[in-house]
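Please build the complete structure, drawing on both the sequences and the hints.
Those sequence lines, one after another, are chains A and B.
Everything in the first sequence is counted per our numbering, starting at 4 for the first residue and increasing by one.
Everything in the second sequence is counted per our numbering, starting at 406 for the first residue and increasing by one.
Honestly, the hints are just simulated from the structure, not real lab data.
It cannot be assumed that every hint is accurate.
Stated by the list, open to error - With a Cα cut of at most 30 Å, we get these calculated DSS-like pairs of lysine-lysine:
#, chain 1, residue 1, chain 2, residue 2
1, A, K100, B, K505
2, B, K706, B, K693
3, B, K745, A, K29
What the hints assert, rightly or not - Partial selection, computed: residues in chain A whose CB lies under 7 Å from chain B:
#, residue
4, V33
5, L40
6, E45
7, L46
8, V60
9, L63
10, P89
11, G93
12, P99
13, V101
Note that CB positions come from ideal geometry on N, CA and C, so glycine has one too.
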Amino acid sequence: MPARVTVEEVERVAELANLELAPDEKPRMVSDLNSILDYMAELNQIDTSGVAPLAQVTELAGGAGDLRTDRVRPSLDRAAVLSQAPETDGAFFKVPKVIER
Amino acid sequence: MPTAETFAEKPKTLAELRSDLESGRTKAADRAASYYERIAALNPRLNVYLSLAKQRALEQALRIDGLAAKGDPLPPLAGLPVGIKDVLVMRGAPATAGSKILEGYHPPYDCTAVTRLEQAGAVLLGKINCDEFAMGSSNENSAYGPVRNPVDPARVPGGSSGGSAAAVAANMAVATLGSDTGGSIRQPASFCGVVGVLPTWGRVSRYGLIAFASSLDRIGPFAANVRDAATLLGVIAGHDAMDATSSEQPVPDYAAESDQPAEGLRIGVPAEYFAEGLDPEVRAQVEKGIDALRAAGCSIKPVSLPHTRYAVPVYYLIATAEASANLARFDGVRYGYRSKSSDTLSAMYRNSREEGFGAEVKRRILLGTYALSAGYYDAYYGKAQQVRRILAEEFLRAFAEVDAIVTPTSPIPAFKLGEKTGDPLSMYLADIYTVTASLAGICGLSVPCGTTASGLPVGMQILAGHFQEGNAFRVARAVEAARL
Chain A
4 MPARVTVEEV ERVAELANLE LAPDEKPRMV SDLNSILDYM AELNQIDTSG
54 VAPLAQVTEL AGGAGDLRTD RVRPSLDRAA VLSQAPETDG AFFKVPKVIE
104 R
Chain B
406 MPTAETFAEK PKTLAELRSD LESGRTKAAD RAASYYERIA ALNPRLNVYL
456 SLAKQRALEQ ALRIDGLAAK GDPLPPLAGL PVGIKDVLVM RGAPATAGSK
506 ILEGYHPPYD CTAVTRLEQA GAVLLGKINC DEFAMGSSNE NSAYGPVRNP
556 VDPARVPGGS SGGSAAAVAA NMAVATLGSD TGGSIRQPAS FCGVVGVLPT
606 WGRVSRYGLI AFASSLDRIG PFAANVRDAA TLLGVIAGHD AMDATSSEQP
656 VPDYAAESDQ PAEGLRIGVP AEYFAEGLDP EVRAQVEKGI DALRAAGCSI
706 KPVSLPHTRY AVPVYYLIAT AEASANLARF DGVRYGYRSK SSDTLSAMYR
756 NSREEGFGAE VKRRILLGTY ALSAGYYDAY YGKAQQVRRI LAEEFLRAFA
806 EVDAIVTPTS PIPAFKLGEK TGDPLSMYLA DIYTVTASLA GICGLSVPCG
856 TTASGLPVGM QILAGHFQEG NAFRVARAVE AARL
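Listed below in structure tokens is the structure:
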């Protein structure tokens, strides 16, 4: 019987993702994460020894995959960007304190 | 079943619209105004548009009218009313991505594809409703309410680009832009009876597309006919310095390529896509489409894509993993929704995301986070990427034998709002039909292929190899010409 995901693992994953799960959401997430294990069982049926992972399809389509030259170019206008900030002092994004006493 | 008042007429062709402007029969400003009137009449029921860009649209229309008045040559899309899916940014207009977490956000830049349409003369009418962060296949996951299918407003338009497909079907825009990660252009195109194009990954710059899964995301056009969809692709395609993954491959004249007869093209039909779960009426229409291709002088042969069924687990692992990374930026710090009552930074992150994201988005982030977490990365994400290569190479081998592969776009026609179809086999097939091409990076489109007996649109999916969009367009024109 393959290992199943525990509620503790679900809570840990939620913490990693900076998401809060309500108590009634947890059982559904346990079952959803278990479906990943089912997917993996399916994929593990396939022999992939010697197969390189495919991260970007460009390599199949004859793409160069070259990186561009590392050259500084103008970016977005600061004022325009800060105009969208929930809270700003005009130079920085203001956020609540980082550390709790 | 179709209600006449919401599906009154199809848009004119690009050529007819352009001729109207050049001849002085119509002014771009008047055309834009009449589209806004139509939107005002239909939007309360269909919920296609989330916001309108009237000032920008009018300025552009007047600019076009100025050129026409002087007798200056008009750009290729002069005065064309276009709608933009709300995951694509337009400077100064809201971009919600169908989510509350971006409510109030006005991007300070334009999506490259949007810029290119506007430079070609298009009039950008406004931002169109979609599933939240492009996650969904019915446009029922929008935080701003579902979109209704203009053919039958009790039914979904498909998703995630449901609004973009519906806009063209209801002539609330002549063309629209959408995005496709696992089928989000093709499937709504088939549900609404319009053409939707999936360009090769890297064909169209993703700069300005709010990312869902970066190795899968594509921007593509919707139009009422194949030739116009090809024209639109030609306008938005091409290398962009702002997207390092955009291809340097030259952009052919897709419309001209689509004019070439389909005679002599070799068409592959994969048995894996004609299995149990495929609605018999959908099958019948697609088979009529294949008959039409035979009649047009194409050779039809079976192809084998034996790893097709593994596409679903591969897709779910890769798409959710990439989504979890891409959506980490929505944290209340720099833009969008920030939860009010947080006394620490980490509480602010958690609360903003918890309050701002919908349930489906949260679910996918959690799945992806799990797949990428320490101890699982290689076993899950890594393995999925290996199987992805196997799937992609299977397509490449098939395209050595055939010029295009045809399948139904969706195993079922549009279902009713609130009723995700009960049959798990159909839902499973629905994923398989579209995610395979997404994973392989190949191109394709959905072309209308008649309707069911009750009038629901059926779409045929036409797939072609990397950067072989011309083949897909040629085949699509032959299906379209059969007027099924």
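Now for the hints, and whether the structure bears them out:
1. K100(A) - K505(B): The given pair, whose Cα atoms are some 25 Å apart, holds under the 30 Å limit.
2. K706(B) - K693(B): Holds - the C-alpha atoms of K693(B) and K706(B) are around 15 Å apart, at most 30 Å.
3. K745(B) - K29(A): 25 Å, holds
4. V33: 11 Å, violated
5. L40: 9 Å, violated
6. E45: 5 Å, holds
7. L46: Holds. Min distance 5 Å.
8. V60: 3 Å, holds
9. L63: 6 Å, holds
10. P89: Given a least distance of 4 Å, the restraint on P89(A) holds.
11. G93: It is violated, given that the least Cβ distance between G93(A) and chain B is near 14 Å, above 7 Å.
12. P99: 5 Å, holds
13. V101: 5 Å, holds
The structure does not agree with the numbered hints 4, 5, 11 stated previously, though it agrees with the rest.
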